[in-house]
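Student: The numbering of the sequence shown is UniProt numbering, which starts it at 1 and goes up by one.
Don't take each hint at face value.
Calculated pairs, DSBU-like style, for lysine-lysine (alpha carbon to alpha carbon, straight line, at most 35 Å) [said to hold, decoys possible]:
hint	residue 1	residue 2
1	371	458
2	650	640
3	640	977
4	906	640
5	371	289
6	586	695
7	15	371
8	870	695
9	371	443
10	620	443
11	371	421
12	19	155
13	753	640
14	962	977
15	443	640
16	749	421
17	615	640
18	640	586
19	76	615
20	862	962
21	870	640
22	977	749
23	917	962
24	419	398
25	78	19
26	650	695
27	862	977
28	870	650
29	398	289
Taking CB as the label site, the calculated pair distances span [claimed, not checked]:
hint	residue 1	residue 2	range
30	587	917	48 to 58 Å
31	23	94	25 to 35 Å
32	27	443	26 to 36 Å
33	334	465	47 to 57 Å
34	465	443	39 to 49 Å
35	23	301	24 to 34 Å
36	1007	652	23 to 33 Å
37	443	94	22 to 32 Å
38	435	382	19 to 29 Å
39	8	94	12 to 22 Å
40	309	76	27 to 37 Å
Worth flagging that the hints you see were computed from the coordinates, not collected in a lab. Ideal Cβ placement from N, Cα and C applies to all residues, glycine included.
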Amino acid sequence: MLEAPLERHLISTLKIASKIISICIILVGCAVVIGWSFDIQILKSILPQWVAMKPNTALGFVLSGLALNLLHSSRKLKLRVAQALGVAIALLGLLTLSQHLFGWNLGIDQLLFSDKVGAIHTSSPGRMSPVSALNFSLIGSALWLAARSNMHYRKVQVLALVTSLTSLQVLIGYIYGVKPLFGLSSFTHTAIHTAISFFLLSLGTLFASPTDGLMSLVISHSAGGMTARVLLPAAIAIPFILGWLWVFGEKVGLFDLAFGLSLHVIGNVVVFTGLVWYCAKSLSRLDIKRQQAEAALRTAYAELELRVEQRTAELSQANQVLEGEIAERLRTEAALQQSFRELADMKFALDQSSIVAITDARGIITEVNNKFCELSGYSRAELIGQTHRIINSSYHPKTFFRQMWLTISQGDVWQGEIKNKAKDGTYYWVATTIVPFLDDRSKPYQYIAIRSDITNRKQAEEALRESEERFRRAILDAPLPIILHAEDGEILQINRAWTEITGYCPQEIPTIADWAEKAYGTRQEQMQDAIARSYQLTERTAQGEYSITTSTGENRIWDFYTAPLGYLPDGRSLVISTAFDVTQRKQAESQLLRHAFYDGLTDLPNRALFMEQLKHSLQKAKRHQDYLFAVLFLDLDRFKIINDSLGHLKGDQFLIYIARILEACIRATDMAARLGGDEFTILLEEIQDVADAIKVAERIQQELRSPLNLDGQEVFTSASIGIALSSTLNYEQPEQLLRDADTAMYQAKALGKSRYALFHPEMYATALTRLQLEANLRRAIENQEFQLYYQPIISLTNCRIIGFEALMRWQHPERGLVNPVDFIPLAEETGLIVELGYWALTEACRQMQAWLQAYPHHSLEKMSVNLSAKQFCQPNLICQIRNILQSTNLNPRNLVLEITESVIIKNGDEAVAILSKLRALGIEILIDDFGTGYSSLGRLYSFPISMLKIDRSFVNPMTTNKRNLDIIEIIVALANKLGMSAIAEGVETQEQLAILRNLHCESVQGYFFSQPLDSSNASALIAANPQWC
């Protein structure tokens, strides 16, 4: 659809031109057919030395002209004929084009007439040129699409434009004598009247739909349309004319090449300069009209604002108690009006939101919507065939309806409010708009009435009128404190709410000055100024928040409003004052402000407040060179274990205790804050040197060495502390200082628990190394730099290998073999451990299956693989393991998954479900490093596990530490009692081996037997099948 209005005569002219072109095309085609029929050379080729239009070409033009002419009909039959003609034309072009392309002879060239061999510029007798065939394919497709639906206008116009361009190419060739443009020597040339006909045919196709696509822009009233109508004809015609004059002048010897080129350039410059000047003036006129329209719009908007302001001023005298109802009513009306504007053109939405009735010219109801039935109480069957007298309430006089019928019978829209009567006898009001629909004689043939239920609004208006009459009486019973007073300060009326809230009776405050003195004290002048402005009517409403004091001495915060009501009979201004008690709201706002800057759990400043204070300290340090401060970054050790084992409530209580400890360790001028989780920061202001910061760090660590009592549960903790001084670097942003304190904290954590570290610039190298290691780790996954090493597991029953534990190693291209201690924690932290874990599991299963096939009679039974915490928590863990087992063809009974105690404890019942599914697959579960965590023996019995691995921290010192030996004995006994097997790691001596055999430990592993081996050395060890005891 066009965005700008169209000139009807221009649309009509273009359509007439399209019809004329269609007739001309038919005549051209018929003339050529006549020429072929009677061998009239001038009809076939115009000039003897020019190529003739072929009979098939003439036939194509006759069909094209007919199809174009039929496009202007609205009858479906004619449009279907036009579609068929379009298909025939396109088919004619495509078949001929295929003959040119593939050297075929389909026998269609001389169906109508015979052409002689060797005709001028003819490759095959009777065959049209490739350009003509292509154009018929294009224009036939365009006519077919145009006859199908006007929705294809973009495709139609593109096809017509391409046809016009190929036609112009041929015409340019004839005009300028450029033979390759109208035909190659090996193909039939295109006749000049063929090119002209195609050009006209493409224009006729474009003119057939002047209101769509590109044509809508050309005929629009917009600046683009005006410019297109001026420049497009000139852009096509002027280069043709000037170019032809140039060529003609050279041929007849009027001038040489240089003069002709100069004439061509000058002509283009002059003509197009004139056209640009003309377009610029037209655009300027349009711009002036736009500016005038904008000025008129601004004036109208200003008048509208003035009227709104006047109306608002009148309504401000209304009772404050009813303002909420009035505002709600106005919002409802505005929403309804907005709804009507937005849904005016949408019938479905209109039916849903409005009351609609359709009547004929006599007023008999022919259709109603559901809303009409719902409001009137009548069914659709009861209403159709009746007049609107069925809902007449007899409220309006006959002249009211007579005037309404006079208006709509003249073809004008009628609007008004009508009171109707429903079927059940109740009355309702509707805002009605009746729109007449006119026939060809401008006589109404039906009316559509659109109504909206305004019963509530009418009731509200009636209620408002009644409330205004009893306004003064209502003041006394209003729930809000209200007083009426004169401009000289005399209080005329005080309602009960005012007296009850303030405690002052009317006798105690005869004037506003007395009230201000009692309630406002030193602030009475500010309040009296606001009231004075209302007396003078300089402000319609004066408002402000004031702290008042009641007669009992209680302080309250009032949102105080004062507004003029008019004048008393004696000429004094009458003012109403009312107040809202916002004390609780102010307290809530204060609490919200505190929540924005303080941690809700510990009541310490949060990150936002800490960073703001740090920013101020940094600015102060820049102003005063001798000013020194420090930032301490604390991370609690083992908090996660405490939180997971004791529960989140105890974890929260633990953090609160830590907060109180930190506050006790610093001065009142310092700040302790909680950044989140178990991370705390401290800002030490105005310290003398680094020793002051170290003292605070040591004091905190000393306090944390004492156990904390969490409801009878003693908990020990410690903290890693990073210290950054403001003088270390030339800091510009507070984030930089916090970052360095964080870096120092990580350095302290690396040194061990309960340590502190002072930041120095060399720590950047460590941080950068960590970042580089992470980047290398990510590349290592892509480059497949990881490999598995295998440490044998020995059965103490026969002292032979029964399995291997798969251990990951990183073969770094520059650093060589990287120890797992250096990259596994980083992989856990970054989440890369999941991908690495699945790779290790796949590779270990593949290797185990290979060994089982290579050594079928060996005692080898199990491949043990570590499962990380993150990997264990993956939702697709079971599916992934099942897929790995299937892809490697490994029996699940040959796989053991090692999981740490902390993973199982942390996930609780969910861990039981996952382990049960793994056991259902046939996989054995081993608890790794058993005894180092916080396992509950009761929970241990419920876990579907089959093995316990005794940590090397118990095995190594057991020969010298009887306590460790007792622990190992208990673990082995526990495993046996629970139907599990025990395996000890870290066995390095014959003595350790002997002790474990005596304790009936089933399996062992360690350097005593073998260090971890790559797959080839592990294969050699299997083949050797050694026996160690």
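Student: Each hint needs a verdict: does it hold in this structure or not?
Tutor: How the hints compare with the structure:
| no. | hint | in the structure |
| --- | --- | --- |
| 1 | 371 <-> 458 | holds, 19 Å |
| 2 | 650 <-> 640 | holds, 12 Å |
| 3 | 640 <-> 977 | holds, 31 Å |
| 4 | 906 <-> 640 | holds, 10 Å |
| 5 | 371 <-> 289 | violated, 45 Å |
| 6 | 586 <-> 695 | violated, 42 Å |
| 7 | 15 <-> 371 | violated, 45 Å |
| 8 | 870 <-> 695 | violated, 39 Å |
| 9 | 371 <-> 443 | holds, 29 Å |
| 10 | 620 <-> 443 | violated, 86 Å |
| 11 | 371 <-> 421 | holds, 15 Å |
| 12 | 19 <-> 155 | holds, 21 Å |
| 13 | 753 <-> 640 | holds, 14 Å |
| 14 | 962 <-> 977 | holds, 22 Å |
| 15 | 443 <-> 640 | violated, 86 Å |
| 16 | 749 <-> 421 | violated, 85 Å |
| 17 | 615 <-> 640 | holds, 31 Å |
| 18 | 640 <-> 586 | violated, 39 Å |
| 19 | 76 <-> 615 | violated, 79 Å |
| 20 | 862 <-> 962 | holds, 32 Å |
| 21 | 870 <-> 640 | holds, 15 Å |
| 22 | 977 <-> 749 | violated, 40 Å |
| 23 | 917 <-> 962 | violated, 39 Å |
| 24 | 419 <-> 398 | holds, 13 Å |
| 25 | 78 <-> 19 | holds, 15 Å |
| 26 | 650 <-> 695 | holds, 30 Å |
| 27 | 862 <-> 977 | holds, 23 Å |
| 28 | 870 <-> 650 | holds, 25 Å |
| 29 | 398 <-> 289 | violated, 48 Å |
| 30 | 587 <-> 917: 48 to 58 Å | holds, 54 Å |
| 31 | 23 <-> 94: 25 to 35 Å | holds, 26 Å |
| 32 | 27 <-> 443: 26 to 36 Å | violated, 45 Å |
| 33 | 334 <-> 465: 47 to 57 Å | violated, 22 Å |
| 34 | 465 <-> 443: 39 to 49 Å | holds, 43 Å |
| 35 | 23 <-> 301: 24 to 34 Å | violated, 54 Å |
| 36 | 1007 <-> 652: 23 to 33 Å | violated, 45 Å |
| 37 | 443 <-> 94: 22 to 32 Å | violated, 54 Å |
| 38 | 435 <-> 382: 19 to 29 Å | holds, 24 Å |
| 39 | 8 <-> 94: 12 to 22 Å | violated, 39 Å |
| 40 | 309 <-> 76: 27 to 37 Å | violated, 60 Å |
Of the numbered hints listed earlier, those contradicted by the structure are 5, 6, 7, 8, 10, 15, 16, 18, 19, 22, 23, 29, 32, 33, 35, 36, 37, 39, 40.
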